[in-house]
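Trainee: What follows is each chain in one-letter form.
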Amino acid sequence: MSGLRITIDPVACEAYGYCSEILPEAISLDEWGYPMIDDRPLPAELVALAKRAVRDCPRRAITLRKTRIG
Amino acid sequence: MTQSANPAPPRADVHHLLGHPSDLRGHVETHGPLNVALSRDSSWRESLASSLEASGLTGRGGGGFPAAAKVALARSAGSGGTVIVNAMEGEPASDKDKLLLTRAPHLVLDGAQYLAALCRADRIVVCVPTGRDAIAAAVTNAIGERVAHGYARASEEVVRPPDRFIAGEESALTNWLESGRSLPVFRADKGTPLRLGRRPVLLHNTETLAHVALIARHGPGPFRSRGMTEEPGTCLVTISGSVAHPGVVEVDRGTPLSSIAARANPVEPVQGLLVGGYGGTWVGPDHFETPYASLSLRTIGAAAGVGVIVALGQTCCGVAESARVARYLADQGAGQCGPCAYGLPAIADDLALLARGQANGNILAQLQRRLRAVNGRGACRHPDGAVSMVQSALVVFAADIAAHSRGEPCPYSRRPTVLAFPRPIGL
Numbered sequence: 000m001s002g003l004r005i006t007i008d009p010v011a012c013e014a015y016g017y018c019s020e021i022l023p024e025a026i027s028l029d030e031w032g033y034p035m036i037d038d039r040p041l042p043a044e045l046v047a048l049a050k051r052a053v054r055d056c057p058r059r060a061i062t063l064r065k066t067r068i069g
Numbered sequence: 000m001t002q003s004a005n006p007a008p009p010r011a012d013v014h015h016l017l018g019h020p021s022d023l024r025g026h027v028e029t030h031g032p033l034n035v036a037l038s039r040d041s042s043w044r045e046s047l048a049s050s051l052e053a054s055g056l057t058g059r060g061g062g063g064f065p066a067a068a069k070v071a072l073a074r075s076a077g078s079g080g081t082v083i084v085n086a087m088e089g090e091p092a093s094d095k096d097k098l099l100l101t102r103a104p105h106l107v108l109d110g111a112q113y114l115a116a117l118c119r120a121d122r123i124v125v126c127v128p129t130g131r132d133a134i135a136a137a138v139t140n141a142i143g144e145r146v147a148h149g150y151a152r153a154s155e156e157v158v159r160p161p162d163r164f165i166a167g168e169e170s171a172l173t174n175w176l177e178s179g180r181s182l183p184v185f186r187a188d189k190g191t192p193l194r195l196g197r198r199p200v201l202l203h204n205t206e207t208l209a210h211v212a213l214i215a216r217h218g219p220g221p222f223r224s225r226g227m228t229e230e231p232g233t234c235l236v237t238i239s240g241s242v243a244h245p246g247v248v249e250v251d252r253g254t255p256l257s258s259i260a261a262r263a264n265p266v267e268p269v270q271g272l273l274v275g276g277y278g279g280t281w282v283g284p285d286h287f288e289t290p291y292a293s294l295s296l297r298t299i300g301a302a303a304g305v306g307v308i309v310a311l312g313q314t315c316c317g318v319a320e321s322a323r324v325a326r327y328l329a330d331q332g333a334g335q336c337g338p339c340a341y342g343l344p345a346i347a348d349d350l351a352l353l354a355r356g357q358a359n360g361n362i363l364a365q366l367q368r369r370l371r372a373v374n375g376r377g378a379c380r381h382p383d384g385a386v387s388m389v390q391s392a393l394v395v396f397a398a399d400i401a402a403h404s405r406g407e408p409c410p411y412s413r414r415p416t417v418l419a420f421p422r423p424i425g426l
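The listed protein sequences derive, respectively, from chains X and A. The numbering of the first sequence is numbering that gives the first Met the number 0, which starts it at 0 and goes up by one. The numbering of the second sequence is numbering that gives the first Met the number 0, which starts it at 0 and goes up by one.
A portion of the hints provided could be inaccurate.
Restraint ranges, calculated between C-beta atoms of paired labels, are given here [claimed, not checked]: (1) A/D40 x X/G32: 53 to 61 Å; (2) A/D285 x X/R64: 35 to 43 Å; (3) A/P32 x X/G2: 48 to 56 Å; (4) X/A14 x A/R405: 49 to 57 Å; (5) X/V46 x A/P192: 48 to 56 Å; (6) X/T6 x A/G218: 18 to 26 Å; (7) A/R194 x X/R54: 24 to 32 Å; (8) A/R194 x X/R51: 52 to 60 Å.
Only pairs whose alpha carbons sit at most 16 Å apart, straight line, appear in this in silico EDC-like list of lysine to aspartate or glutamate [to be verified]: (9) A/K189 x X/E24; (10) A/K97 x A/D132; (11) X/K65 x A/D188; (12) A/K97 x A/D162.
These stretches of chain X come out as covered by chain A in the derived footprint (C-beta under 8 Å, 3 or more residues) [said to hold, decoys possible]: (13) 8-21; (14) 48-55.
Everything labelled a hint here was simulated from the structure, so no lab data went into it. The beta-carbon is built from N, C-alpha and C at its ideal position, and this holds for glycine as well.
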């Protein structure tokens, strides 16, 4: 596990959907096109893709945060 | 709605909120002057902070967060801040803030003064929605009395945010004060203190502050002598629906739901209680004896919420009523977050089809999928409240839901609503 989790700012998000194309393993889209995040901790091998999803979001709505312990 | 009978005059050793004098003279005769200490007296502040913590008071605005913890967070953010009195009461079935501010405004304002002194804040802002002029007039009048007598230390003023369900959400209220935009703000970490500009903000519900005023004056003892050991004190509950005497009652925390509802005299056998507000939870007869306390309510998937109980009689349609509530909540969203802006109207549509008996076999499954999809995905908890209400309706009114989805709506689904809405809500 990477110890990171993906957070979406739902106010900023406008359903471009790039994140789910880049990282379908952790991000799916609901019926209206808005991202749904997998609750499980982000596996280490997906971190590079997650960082790309953060970078490529036109709305800057995605952040990667350290999972809080305890 | 009216205040229930509460003939006993206030006594310092008995904690209750209702029945206090409304003018400053009576207020001071009952309680003595506002005894806040000078700002340099740190031992006074520590003593008040310990009293609050020892009291076990929790927020009465819906979140149920310990008041002492919220105060500690604000204190850690520095001095010179603002205490916000949240009297927005956007919940259509709630009347307690109105009652408190029109009957005992000095109790509420004193609570804000004690917390202002504790946090070294210099400003108190009472938020009363536009249009609710009687409440604003009562508070303005009370503030006038206090100014004339040089009674209070921190400045007190009334401000008038828009009258919308969402406007009282704490980040929306702070945002409105700061920018004039009455919209919730996404905070990735809800544990960070609220601010106005760079100044800290302490925001509390009207009722919470009235409790603070009594705890600060009389210590935690009288408060703790009411309610339950693990959840002490009293609370105000607005009862409405299929009852002869709707209104606000003050009950000990932990009073069974059925006893609270009985205070308003139900007009017929009750099939469900909507507990905690329109974004609350339907509770069925199996759980009517549940104590009105957070821990007990949590075990049945409910929450105390904003102090609301709506009784639904047996000649009402729980599906139709829930569909109206769902529509109302969908209409009242801020429209900022996709899952809420698209999800709640879709959920309301599904439930309306069920209520009219026009749902085909797939609608119920679609509704349940949508409820799971929308939950927890807004900047604020508005969508979560709507989801909780609908999910509990599917359980409590399961037999009706089944009949409705077979295309056989109950005979009561065309009845006019017994739930109160600020404007008509169609099905």
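Trainee: Go through the numbered hints given earlier and state which of them the structure violates, listing their numbers in rising order.
Mentor: Hint check: 4, 5, 6, 8, 9 and 14 fail, others pass.
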